[in-house]
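Student: Chains as they are written, first to last, in the working numbering: chain P, 1 to 301; chain W, 1001 to 1151.
These are computed hints drawn from the structure, not numbers from a lab. Each hint should be verified, as a subset may be incorrect.
Here are the simulated distance ranges between beta carbons [said to hold, decoys possible]:
hint, chain 1, residue 1, chain 2, residue 2, range
1, W, G1119, P, K244, 50 to 56 Å
2, P, S229, W, N1013, 54 to 60 Å
3, P, H206, W, F1026, 48 to 54 Å
4, P, L300, W, K1093, 58 to 64 Å
5, P, K244, W, S1145, 23 to 29 Å
Okay, derived cross-link-like pairs now, BS3-like style, lysine-lysine, Cα gap no bigger than 30 Å in a straight line [as the list claims (entries may be wrong)]:
hint, chain 1, residue 1, chain 2, residue 2
6, P, K202, W, K1141
7, W, K1130, P, K79
8, P, K199, P, K236
9, W, K1112, P, K116
10, P, K159, W, K1107
11, W, K1123, P, K159
12, W, K1131, P, K4
13, P, K198, W, K1107
14, P, K19, W, K1141
15, P, K14, W, K1123
16, W, K1107, P, K4
17, W, K1036, P, K193
18, P, K199, W, K1112
19, W, K1107, P, K2
20, P, K198, W, K1050
21, P, K198, W, K1024
22, P, K202, W, K1107
23, W, K1123, P, K199
24, W, K1129, P, K199
25, W, K1129, P, K116
26, P, K236, W, K1129
27, P, K79, W, K1123
28, P, K193, W, K1129
29, W, K1141, P, K198
30, P, K80, W, K1129
31, P, K193, W, K1086
32, W, K1131, P, K202
33, P, K85, W, K1107
34, P, K198, W, K1112
35, W, K1130, P, K199
36, W, K1129, P, K14
37, P, K193, W, K1141
38, W, K1112, P, K85
39, W, K1129, P, K159
40, P, K159, W, K1112
If you're wondering where the values come from, they're calculated on a predicted model, not measured in any experiment. Positions of the beta carbon are idealized from the N, C-alpha and C atoms, including for glycine.
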Amino acid sequence: MKNKNLVSITDFSKDEVFKILDLAEEFEKNPNQNLLQGKVIATLFFEPSTRTRLSFESAISRLGGKYIGFTDAGSSSVKKGESLKDTIMTVANYSDMIIMRNPIEGSARWASEVSKVPIVNAGDGANQHPTQTLLDLYSIRKTQGTLDNLNVFFVGDLKYGRTVHSLLQAMSMFNTTYNFISPEELRIPDEYKMFLDKKGLKYYEHLDFSDIISHADIFMTRIQRERFSDPMEYEKTKNSYVLKKNMLEKTKLNMKVLHPLPRVNEISTDVDTDEKAYYFTQALNGVYTRQAIITSILGLK
Amino acid sequence: MTEKKLQVSAIQNGTVIDHIPADKLFNVINILGLNKIKNQITFGTNLESKKMGLKAIIKLSDVFFADNEINKIALVAPEAKLNIVKDYQVVEKKIVEVPDNITGIAKCGNPKCITNHEGIITKFQVVNKKKVALRCHYCEKITDSEHMEIF
């Protein structure tokens, strides 16, 4: 996997996904190792994403590496009008790998074509966020003991939700049954339904989850304000799909609630203490998964 | 005796591209780069066609296209027909076929795509050939024929 870029989740084969997940398991047992000593990794965040950035920086720091970069476009040369190509070609001279978050869709693919060092996409607009997808897969495998034949509930904003789209694609390798629960105006786009049709996988669409939640193995929810062009639509939606503690009573024993965080109010805070709430551990898994991604791309593992 | 009147004069050797939709003539000229070649070119547009209503036709002297080159016009002229002419005789007829991949030619319909922000040549995978739909190599979004803009 050395020198490979991670731009889109579809860049990795099933075997490569398993390799990352197995490696992440090793890092979970032993997260502090000096594998990145002498390495410099650039973290270029053209838009702020505190959580993703800190997770990457923690992963690098625990492995003894150094990072350089910026935390939003305002403090970079982009403000002076530099093109992405010029920024990447310059920073590639200073670093062994570039981790980039950029609101422009397709920017990570373009960066991977002009960079002499590997690019890891930390989110390109509404397109891809593959390291999030890999940590989701890690969390699912860890809690369920397998990725095969699971019933996954996707709840909330299924139209704009990048996390949903990438995980849906990745889970299609594992005979998943999909339940999509969203308001009418935020339904899963047709192109993803066509994708599942082609793969011959089962999916169901619902407006409400209260009657069917007992079937779920994985319950994943997200509604994001910044993906809505109409703030009215966001206000209407954000309260319609709140998960509360009493709803967990009739769920399966192995059922886990996932959320990429930050949460707004899709999950009531009284769920946090329930053993089915997994989102904070999921965030911790992000560090191990990113350690696995960085070291395997640099050819150190 | 019937006299056949040609609306655009005949060529001795070369290629005739027929059945181009009249309003796509200049797209075809751009896509094939005909504005940059030195050969003799005659074209006609808004010609009556039983099949298409109004059509355009291009006659190119001493120009012959490779299949992958001519297939690029299938995006705008899917029903175009080619006659290869040698010594005033049609020696071969060809139809165009939508290719699997498209480089340049079309604009990505996603305003947030990198190709609409930096001077990058667009690249697409053709995901539907009948009702042409293109998936952008960069932003992975699909541009369908209704929203397709040709450079």
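Student: Against each hint, give a clear statement of whether it holds in the structure.
Tutor: Verification of the supplied hints:
Between W:G1119 and P:K244 the C-beta distance comes to about 51 Å, which sits within the given range of 50 to 56 Å. Restraint check, P:S229 to W:N1013: a C-beta distance of roughly 57 Å satisfies the suggested window 54 to 60 Å. The supplied range of 48 to 54 Å is met by P:H206 and W:F1026, whose beta-carbon atoms lie about 50 Å from each other. Take P:L300 and W:K1093: their Cβ atoms lie about 60 Å apart, and the range 58 to 64 Å holds.
For P:K244 paired with W:S1145, a C-beta distance near 46 Å fails the hint of 23 to 29 Å. Restraint check for P:K202 and W:K1141: satisfied, since their Cα atoms lie roughly 24 Å apart, inside the 30 Å limit. Between W:K1130 and P:K79 the CA atoms are separated by roughly 44 Å; this puts the pair beyond 30 Å, and the hint is violated. Between P:K199 and P:K236 the alpha-carbon distance is near 34 Å, which puts this suggested pair outside the 30 Å criterion.
With a CA separation close to 25 Å, the supplied pair W:K1112 and P:K116 stays within the 30 Å bound. The suggested pairing of P:K159 with W:K1107 holds, with an alpha-carbon distance near 23 Å, which does not exceed 30 Å. This hinted pair checks out: W:K1123 and P:K159 have alpha carbons roughly 25 Å apart, not beyond 30 Å. For the hint linking W:K1131 to P:K4, the alpha-carbon distance of about 35 Å lies beyond 30 Å, and the restraint is violated.
Using a Cα cut-off of 30 Å, the hinted pair P:K198 and W:K1107 holds, with the two alpha carbons roughly 27 Å apart. In summary, the hint linking P:K19 to W:K1141 is supported, as the alpha carbons are separated by about 29 Å, within the 30 Å threshold. In summary, the hint linking P:K14 to W:K1123 is supported, as the alpha carbons are separated by about 26 Å, within the 30 Å threshold. Among the hinted pairs, W:K1107 with P:K4 is consistent with the structure: their alpha-carbon atoms are about 28 Å apart, no more than 30 Å.
Restraint check for W:K1036 and P:K193: not satisfied, since their Cα atoms lie roughly 45 Å apart, outside the 30 Å limit. For the given pair, P:K199 sits about 29 Å from W:K1112 by alpha-carbon distance, which is consistent with the 30 Å threshold. Restraint check for W:K1107 and P:K2: not satisfied, since their Cα atoms lie roughly 34 Å apart, outside the 30 Å limit. Our distance criterion of 30 Å between C-alpha atoms is broken by P:K198 and W:K1050, whose separation comes to about 39 Å.
Of the pairs offered as hints, the one joining P:K198 and W:K1024 is violated, with about 34 Å between alpha carbons and a cut-off of 30 Å exceeded. Distance hint between P:K202 and W:K1107 is unfulfilled; the C-alpha atoms sit about 35 Å from each other, more than 30 Å. Note on W:K1123 and P:K199: the hinted pairing holds, with a Cα-Cα distance of about 25 Å set against a maximum of 30 Å. Proximity of W:K1129 to P:K199 is assessed by CA-CA distance (about 20 Å); at most 30 Å being required, the pair is judged to hold.
For the hint linking W:K1129 to P:K116, the alpha-carbon distance of about 35 Å lies beyond 30 Å, and the restraint is violated. With a C-alpha separation of about 39 Å, the suggested pairing of P:K236 with W:K1129 is violated against the 30 Å cut-off. Distance hint between P:K79 and W:K1123 is fulfilled; the C-alpha atoms sit about 28 Å from each other, no more than 30 Å. For the suggested pair P:K193 and W:K1129, the alpha carbons sit about 19 Å apart, so the restraint of at most 30 Å is met.
At most 30 Å may separate the alpha-carbon atoms for a hinted pair to count; W:K1141 and P:K198 meet this at roughly 18 Å. Proximity of P:K80 to W:K1129 is assessed by CA-CA distance (about 43 Å); at most 30 Å being required, the pair is judged violated. For the given pair, P:K193 sits about 51 Å from W:K1086 by alpha-carbon distance, which is inconsistent with the 30 Å threshold. Simply put, W:K1131 and P:K202 have alpha-carbon atoms about 26 Å apart, close enough for the 30 Å limit, and the pair holds.
Among the hinted pairs, P:K85 with W:K1107 is consistent with the structure: their alpha-carbon atoms are about 20 Å apart, no more than 30 Å. Restraint check for P:K198 and W:K1112: satisfied, since their Cα atoms lie roughly 28 Å apart, inside the 30 Å limit. For the hint pairing W:K1130 with P:K199, the CA-to-CA distance comes to about 21 Å; that is within 30 Å, so the pair holds. Using a Cα cut-off of 30 Å, the hinted pair W:K1129 and P:K14 holds, with the two alpha carbons roughly 29 Å apart.
For the proposed pair P:K193 and W:K1141, the alpha carbon gap of about 15 Å is at most 30 Å, so the pair holds. Simply put, W:K1112 and P:K85 have alpha-carbon atoms about 17 Å apart, close enough for the 30 Å limit, and the pair holds. Taking the CA atoms of W:K1129 and P:K159, the gap is near 26 Å; set against the 30 Å cutoff, the hint holds. Restraint check for P:K159 and W:K1112: the C-alpha separation of about 16 Å stays at or below 30 Å, so the hint holds.
Comparing the model with each earlier hint shows violations of hints 5, 7, 8, 12, 17, 19, 20, 21, 22, 25, 26, 30 and 31; every other hint is respected.
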